[in-house]
Amino acid sequence: MSTLSIAAGQARGWVLPLALLALWEVVVQAGWVGANMLPPPSELVHTLHDLATDGALLGHIGISTLRVLAGFAIGASLALLVGAVVGLSRQVEAYLDPTFQALRAIPSLAWVPLLLLWLGIDEAPKITLIAIGAFFPVYLNFVAGIQNVDRKLVEVGGIFGLKGRELVARIFLPATLPNLFTGLRSGLSLAWMFLVAAELIAATRGLGYLLTDGRETARADLVIVAIIVLALLGKLSDSLLQHAEKRLLGWRDVFDGRAA
Amino acid sequence: MSTTLVQIQVEEKRFRAHQVIDRLALDIRAGEIVSLVGPSGCGKSTLLRIVAGLETDYAGRVLIKGAEPQLHSPDVGFIFQEPRLLPWLSVADNVGFEAGRGGGKHPRVGELLAEVGLAAFTDAWPKQLSGGMAQRAAIARGLFTQPALLLLDEPFSAVDAFTRMRLQDLLLSITAHHGTTLLLVTHDVDEAVYLSDRVVVMNSGPGRIAGDVVVPLPRPRDRRDPALGRARSEVLTLLNGAQQDYHDIAPDIAAAPPAAAPIDWSKLSFAV
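Those protein sequences? They're chains H and Y, same order as listed. Going by my numbering, the first sequence wraps up at 247, each residue one higher than the last. Going by my numbering, the second sequence wraps up at 312, each residue one higher than the last.
Note that these hints are calculated values from the structure, not bench results. Do not take every clue at face value.
Below, computed lysine-lysine pairings styled on PhoX-like, alpha-carbon distance capped at 25 Å [what the hints assert, rightly or not]: (1) 167/Y / 139/H; (2) 167/Y / 145/Y; (3) 150/H / 145/Y; (4) 167/Y / 233/H.
Every beta carbon over 10 Å from chain Y, so not counted as near; a handful from chain H, in silico [to be verified]: (5) 40; (6) 42; (7) 215.
Covered stretches of chain H (in silico footprint by chain Y; criterion: 3 or more residues with CB under 8 Å from a CB of chain Y, positions within the stretch not fixed) [to be verified]: (8) 142 to 155; (9) 159 to 173.
Every residue gets a Cβ at the ideal spot worked out from N, C-alpha and C, and that includes glycine.
Using the sequences and the accompanying hints, generate a full structural model.
Okay, structure coming up:
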């Protein structure tokens, strides 16, 4: 595909959002919908500008991003560790996997009261909740990936005398990378979701707090700005992972969307 | 050229109750090319895995250069039926896998890839190679440690006939250049006769050596050489237990041909 047609393809993706924005502006300016309930895009830009210039927005984004990064890092690392052990040993799997499957069935928000009881209202319960959210997708995909590694490739590792950690690093890890990225990406999106849940309940800073603040002061524009910033951050962080995925998984022999 | 490189004395190899190999002795001289042919289940692949050190549970003694076989010996290379390249490594890194991470930068990798005609594909992914090219890369990988003995398990059975002939010639010229001894398992009698100095024919149930056919022709050989055809018939005769006819059914069944029952037309239904 030429650069031009790629650009054209990306341009097509902008048509619908831009049309919706225009419609929104018109509907509110015409007075069909109250501006206090649905502030028009022009007002949102104004709010965003105000928040950005007094530095409040950057503070909210900073603290929320830090929480997501910390929770995601903890949850994903634990998932890698546990997943590697469960994936590589049928015996450990028999002991651990049923428990994890049961824990996974708990709606994550049900943890919130317990976490608040145990860990207070500081950072600890928020980061723990985010870590729980990020853990399961990474764990499940990683275990499935390890168990699907081609036996023949493992045998190649055997012929070359690879054992233990070397075998994991040079055969299992690269072979499971596609699954791992699927897990990491859905883990990250869940981390953002759980961040909002955590910050809605007990926080004095962060994008979730901005949402609560907007509701309590009856400022729909604050709520919508917070939503938009969350969407952008989620998309941005996912794009980073997607970029890494493209770079690291170029070797995969997969359907690339073009029929032969 | 008469030093013995491999001594194989396998008394018995069992998979649970099933006896796969029974009293098998085979010596291979340095520089010799030996093929193992035989019906499915005659234990020829198992024998190869024993020599490779992949199987250790057997009664007997195998010596390579006077030492027990072991996995990951620099003296022994192994080539599988499929190329089994690691898809996440470039062709060069696959060939130099033995040298650890970034093994593709080893100077020998470039030489080997040039020898197998893949110099232009050094940085390609395995997915970009055809079946024959992938198997050539696998041959280069098997030769990376410069092994004295190269074991091949039906190496060309997954490629088309033309590619197979080219790969056979490539294998012969490269291993002649490196002075490698070959032990090759194959189903293809033509391939065995064309490649080998000696074709070892095995019988099944349990696996034993039925005999061997020496092919004392110089290389390069002409595939149309009548001497090859004669060697081929000798191998086929050994394969069929010295019988010229080879109906693969038990003698008592063969002795009693099935009675031709008359067709009962009334029992048959036809779609009209």
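To see whether the hints hold, each was checked on the structure:
1. 167/Y / 139/H: Holds: residue 167/Y and residue 139/H sit about 17 Å apart, inside 25 Å.
2. 167/Y / 145/Y: 20 Å, holds
3. 150/H / 145/Y: 23 Å, holds
4. 167/Y / 233/H: The given pair, whose Cα atoms are some 16 Å apart, holds under the 25 Å limit.
5. 40: Residue 40/H is indeed farther than 10 Å from all Cβ atoms of chain Y, at 48 Å.
6. 42: 45 Å, holds
7. 215: 38 Å, holds
8. 142 to 155: Satisfied; 6 residues make the cut.
9. 159 to 173: n = 3 at 8 Å, threshold three: holds.
In this structure, none of the earlier numbered hints is contradicted; all agree with it.
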